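Colleague: Chain order of the listed sequences is A and B.
If you're matching positions, the first sequence starts at 1 in this note's numbering and goes up one per residue.
If you're matching positions, the second sequence starts at 1 in this note's numbering and goes up one per residue.
Derived from the structure by calculation, the hints contain no laboratory data.
These figures come from a predicted structure and were not determined experimentally.
You may find that some hints are simply not true.
Stated by the list, open to error - A partial selection of chain A residues facing chain B, derived with a Cβ cut-off under 8 angstroms:
hint, residue
1, Ser7
2, Met20
3, Ile21
4, Glu27
5, Leu226
Built from N, CA and C at the ideal position, the CB exists for glycine as well.
Now for the letters of each chain:
Number of protein chains: 2
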Amino acid sequence: MMREKISDGMKKGLVHETGMIAHGRGEAFDYLLGEKTIPPADDAAVAAAAYLKKAKNAVISINGNVAVLSARECVELAETAGAGIEINLFHRTAERVEKLVKFMEGAGARDVLGMEADARIPGLEHDRGKCDRDGIYSADVVLVPLEDGDRCEALKKMGKQVITVDLNPLSRTARTADVTVVDNVVRAIPNITRHIREKHDWNGIIKKWDNRKCLKECLEYIEHRLSSFY
Amino acid sequence: MMREKISDGMKKGLVHETGMIAHGRGEAFDYLLGEKTIPPADDAAVAAAAYLKKAKNAVISINGNVAVLSARECVELAETAGAGIEINLFHRTAERVEKLVKFMEGAGARDVLGMEADARIPGLEHDRGKCDRDGIYSADVVLVPLEDGDRCEALKKMGKQVITVDLNPLSRTARTADVTVVDNVVRAIPNITRHIREKHDWNGIIKKWDNRKCLKECLEYIEHRLSSFY
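One chain only, chain A, in its complex shape (with noise of 0.2 angstroms):
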């Protein structure tokens, strides 16, 4: 189903042919995880609605792989968490974005941002960093699922708190964060959001959060599945 929505997406211009091959360098590593939430991973998404939930101004970053697999859960999030919705791509044109922005609108978001491109995130290519004033530019937790490495680097150089949602836990996003949650967006999206809704120790929660040993703790487990298998 998921490779279907993908394969659509391109097909309607929300999805850019790499996506496609991002795509399936995910299902390697979801399949590596058994295809479902492995306990590091969800104490990650708690660690996620923590930052949410201690923000001022955050913003969860859309790209055309998440607004496909996860429209709907994306929206929930947003308003569960007070958070602005960006659409940002890494091939951008103009085109797209309007026709993600419309996509998210029918999924339910409203007010969606990444229209006006009046402002850039510095140290990346021109078309690459271009982000909106109200948006991404002046927030101060970002959630980037399935980001690029660059790009994740260059919102932590801005002084940002990055989330990301990537199933790679070797990547340099996954690296470069400071709460990686190793998990399919369509299960993650939805568990931060949940999270969000308990009533938890979050200054706590963010004190104690150790990215790496949580992403350590995602290769343990990953070794663990591949000496069970023969």
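Chain B: place on chain A using the hints.
Modeller: What follows is chain B alone, placed relative to chain A:
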């Protein structure tokens, strides 16, 4: 470069869109191998050479991804092994078969099979089972790089020796084949060719070959690599 070849291949109608996603899955596993030929994959390439060398009638099955990534390498292997080349597609259309025959001819292939489709691999859906009577249907050894599990199993049930190249050591194809080369086609195919040109005790290699043990060694290699990351 490989990503561009796959992407261009899709635009030209050589690669099916799901081939893009399959390529991404391969990328992820190749990353886990360190994007090089690991020792157990080299052992498997020697075993593949042995099976091809001892074959009476070997055929290399070519799909869109294999063609755009390694057409010349496959032509060289076919010439060295005295094997035939057949275009055989999961998402078969006569148009795509014809395009791929021409593409392989452009890479130097002669007498490319796959257009006749005058026989069937039993146990597969109608279009997916189509093959050439003088090609895959009557072959004793078939090299099916980047193959799906159903087809690999169906070929085994026909009593053939099946060699595959698959970056995922856990896939059904990997587990079904007689020889599984866990390596990227762009490295595996020329490596098999190189081994065919060497002098080996081919009968002894076939006698001793343990594919399950090889797959276990590949997994252990990946586990070891994962444990070195953090």
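Colleague: Would you check whether A:Met20 satisfies its interface hint, that is, whether its CB is within less than 8 angstroms of any CB in chain B?
Modeller: holds (4 angstroms)
Colleague: Does the interface hint hold: is A:Glu27 within less than 8 angstroms of chain B, judged Cβ to Cβ?
Modeller: holds (5 angstroms)
Colleague: Given A:Leu226 as an interface hint, is its Cβ closer than 8 angstroms to any Cβ of chain B?
Modeller: A:Leu226 check passes; min Cβ-Cβ to chain B is 5 angstroms, inside 8 angstroms.
Colleague: Next item in the hint list is A:Ser7. Is there a CB on chain B closer than 8 angstroms to its CB?
Modeller: A:Ser7 check passes; min Cβ-Cβ to chain B is 5 angstroms, inside 8 angstroms.
Colleague: Would you settle whether the hint for A:Ile21 is holds or violated, based on the nearest Cβ-Cβ distance to chain B being less than 8 angstroms?
Modeller: The hint holds - A:Ile21 has a Cβ within 8 angstroms of chain B, the shortest such distance being about 4 angstroms.
Of the numbered hints given earlier, the model fails none.
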